[in-house]
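Trainee: The sequence shown begins at 1 in the numbering used here and counts up one residue at a time.
A few of these clues could be false.
Label pairs and their calculated CB-CB ranges [claimed, not checked]:
#, residue 1, residue 2, range
1, L52, I14, 15 to 23 Å
2, D50, G12, 29 to 37 Å
3, I5, Y58, 29 to 37 Å
Rather than coming from a laboratory, the hints here were simulated on the basis of the structure.
Cβ atoms here follow ideal geometry from the backbone N, Cα and C, with glycine treated the same way.
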Amino acid sequence: MIVSISAALLFGVITIVLVRAQRVSAGSAVLVWMSGFTAAGTGLATPVNDALTALAHYVATIH
Numbered sequence: 001m002i003v004s005i006s007a008a009l010l011f012g013v014i015t016i017v018l019v020r021a022q023r024v025s026a027g028s029a030v031l032v033w034m035s036g037f038t039a040a041g042t043g044l045a046t047p048v049n050d051a052l053t054a055l056a057h058y059v060a061t062i063h
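Using the sequences provided together with the hints, build the complete structure.
Mentor: Written out as structure tokens, the structure reads:
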């Protein structure tokens with residue numbers, strides 16, 4: 001029997017476990033969570049990619 005699980009759900013569960021075990025900070029957990037949507041290719045992948053691109057451009061322009 002094959003069991004299928006969404007990659008976004010899997011990343012979410014892993015992130016929650018890592019935060020609860022205090023292995024990652026909340027800021028790192030947000031980045032892991034956002035990259036999970038990107039890697040899973042869900043409907044939220046495009047807005048998340050756009051947000052990450054905008055953040056990268058903002059950080060690059062800080063003097």
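Trainee: Which hints, by number, does the structure contradict?
Mentor: 2
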